[in-house]
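J.: One-letter residues, chain by chain:
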Amino acid sequence: MTNDLMLLLPLIIVGVGAIALMLASAYKIINNTSAALGSALVFAVAFLVQLSFCLKGNAVLFSDTFNGILVANTFSKGAGLVILACGLFTSLSSQTYFKQNDFCSPEYYSLTVFAASGMLLLTMTQELISAFVALEIMSLAIYILVGYNRKNVVAAEAVLKYLMLGAFAGAFLTMGTAFVYGQTGTTQFAKIGQYIAANGFTQSPAIIGGAFFILVAFLFKAAAFPFHAWVIDVYDGASMPITGYMATGLKTAIFAVFANFLVADAQLHAGWITFLFYVSVLTMFAGNLIAIGQYSLKRMLAASGIVHSGYLLIALVAVSTEAFSGAVIAYYLAAYAAGTLGIFSALSYLSGKDEKRVTFDDFKGLAKVRPYSAAAISIFLLSMAGIPPTAGFMGKFYIITSAIDAGQVTLAVLGIISSVISMWYYLRLIINMYFYEAEESFADTVPSSLASACTFALAFCVFAISLYPLAI
Amino acid sequence: MIHSYLYLSIILFCLGVVGVISRRNVFTVFMSIELMLNSANLAFIAFSRVHESMDGHVLAMMVMAVAAAEAALALAVVILLHKHKSKLDTNVFSLLKG
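Sequence lines, in order, name chains A and B. Just so you know, this note's numbering puts 174 at position 174 of the first sequence, and the rest follows in order with no gaps. In this note's numbering, each residue's number is its place in the second sequence (first place is 1) plus 1000.
Misleading hints may appear alongside valid ones.
The following label-pair restraints were derived from C-beta to C-beta distances [claimed, not checked]:
#1 A:L289 x B:F1027: 28 to 38 Å
#2 B:A1076 x A:G407: 27 to 37 Å
#3 B:A1068 x A:T74: 32 to 42 Å
#4 B:M1064 x A:F53: 53 to 63 Å
#5 B:M1031 x A:I12: 35 to 45 Å
#6 B:D1089 x A:G293: 22 to 32 Å
#7 A:I431 x B:A1068: 33 to 43 Å
#8 B:A1072 x A:K28: 18 to 28 Å
Cross-link-like lysine to aspartate or glutamate pairs, in silico, DMTMM-like; alpha carbons within 25 Å at most [as the list claims (entries may be wrong)]:
#9 B:K1083 x A:D102
#10 B:K1083 x A:E440
#11 B:K1083 x A:D4
These are computed hints drawn from the structure, not numbers from a lab. Ideal Cβ positions, reconstructed from N, Cα and C, are used throughout, including at glycine.
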C-alpha cells in the first residue's frame, strides 16, 4: 500500500502542483517568474521522487481500487523521468523566452504541469479508456499552449489544425476501444492479451478493426507517415519552448503507451509487424524529404521529429513481447529529448523578440559572436544526426542492433540510410553557423539566463546519457 | 436486435468522418467529431448489453466527460478564430502550408 503510494507519488505531486499553480494564478497571487520557478520546482521534486524509488518488474498500483489499470515498471519509470526532465527544462527556458515575448501569464506554467500529469498517467496506464482520458488531459493542455499567443493569427491557425485533427484521432481511439470492448468484454491490455492468446488475433474482425483504429490514433499523435502533415504547421505556429515540449515529452508519452499496447500479446504484435514496417520506412523517408526542403529552422526540426518517430517505430517493430523491457525505446527517447530540448532552449534565448530569427540564414556566423551557444547547438545537432560519442549515436546503435536481433535486417539498413540522409539538414545549420561571417551581432539576445543554463546542462546530458550503459 | 444498434453506431461514425473531411465550416467539423464520439458511446452501450455488464456504461460516461471538455476548448478556439478573421471557413486559414 505505502509502496504503491510511493510509486504514484510523482503523478500526485505533478497533479497537485498543477492545480495549486492554476488556483494561485486565478487569485493573482503569483507573477510570471514565480510561476515559472514554481512549476520548475514541481517538476524537480517529482523527478527526484521518481528517481529515488528503485524499481524492477511490474508493480500493479492499488490493484483492488484501480482494478489493475495502473502499472509501474522500469519502462514507465524511465519514460516518466524523461517527461519530468522535459517539463523542467521547458519551464526554465520558457521563463527566458518570455523576457522577449509578451503573451505570458502564470496559467501558462500551470498548463505545462497539467500536460505533464497527463503524460505521466499515459506512461503508466494499462487500460484503453484511461489511456484515452490521459491522452486528452495531455492534449487539451497542449492545445491551449500551442495557441497561447492569442494575438498571433499563425498560432490560432495552428491550434485549429491541431485541435481538429487531434480530436479526430481521439474519436478513432474511442471507436477502436468500443470494438475491442465489444469482442473481448474488457479494455485492459492484459486481459485483451489473454483473450487474443486464447482465441487468436485474426479470428475476429472486431479486434482487427478495433486495434487498427487504436493504432491509427497513436500513429497520428506520434506523427507517423500518413498522419504527419499536421506536425510541421503546428510546431511552426507554437512558441519555441512549447514546440520543444511537444517534440519530446508528448512523443515520449505516446510511444510509452503505444509500446505497452503492442506488447499485450505476441499475436497482436505479430499481426501488425508488416504494417508497422512500412509505416516506419515511409515515416523516415517522408520526414527526411520534408526536412531537406525547409528554410525555417523550426519547420526543419519538426520534420526531423517525424524522422525520429520513424526510428522509434523500428524499435516498436523489433520489440520482443515475451521479455519486454522497453529499455531501447526509453533510451532513445531520452537521447532524442536531450538533443531536441537543448536546441529549443537555445532557440528560446537566441531567436530574439517575437521569434524574428527562424531561418537557417538568420544564424549565419553565430559561432563568431556566440561561440559557446554555437558549440552547444552543434553538439545537439550531431547527437540528433547520430555521430559518436553522443547520446543520439548510442540510441540509434541500440535501435539498429535490436532490429537486427529481431531479424529485421532490411529495416536496420534502411534506418542507417535514413540516418545518413539526415546529415544533410543537420550539417547545413552547423555550416551556416561556422563558415560564414556574422551578419548581425545577436546583441538583443538575453545575455545570461535560465535558458542558456538549460542549454549547457543539456549539452552535458547528451554526453552523460551516451556514457550510461544499457543492458540489452 | 443488438445488430441494429451497432449498424446505427457505425453509420453515425462514418457520417462523422465524412463531415470532418468534406465540410469547410469549423463549427460543422467540430460537430462531426462530437458525432463520432457519440457513435462510439452508442457502441459501448450496445456492447455492454451484449456482455450483460455495466462496464460499457461507465466507459461511455468517461467519454462524455472528455468530449464535454474538448467541446469547451473547441468553442473557445472558434471564438478566437472568429476574432481574427470574422469568418469560420477553414479555407480562410491558410497561412501555414505543411
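J.: Please go over all the hints and tell whether each is borne out by the structure.
T.: Do the hints match the structure? See the list:
no.	hint	in the structure
1	A:L289 x B:F1027: 28 to 38 Å	holds, 35 Å
2	B:A1076 x A:G407: 27 to 37 Å	violated, 50 Å
3	B:A1068 x A:T74: 32 to 42 Å	holds, 36 Å
4	B:M1064 x A:F53: 53 to 63 Å	violated, 36 Å
5	B:M1031 x A:I12: 35 to 45 Å	holds, 37 Å
6	B:D1089 x A:G293: 22 to 32 Å	holds, 28 Å
7	A:I431 x B:A1068: 33 to 43 Å	violated, 51 Å
8	B:A1072 x A:K28: 18 to 28 Å	holds, 23 Å
9	B:K1083 x A:D102	holds, 20 Å
10	B:K1083 x A:E440	violated, 37 Å
11	B:K1083 x A:D4	violated, 48 Å
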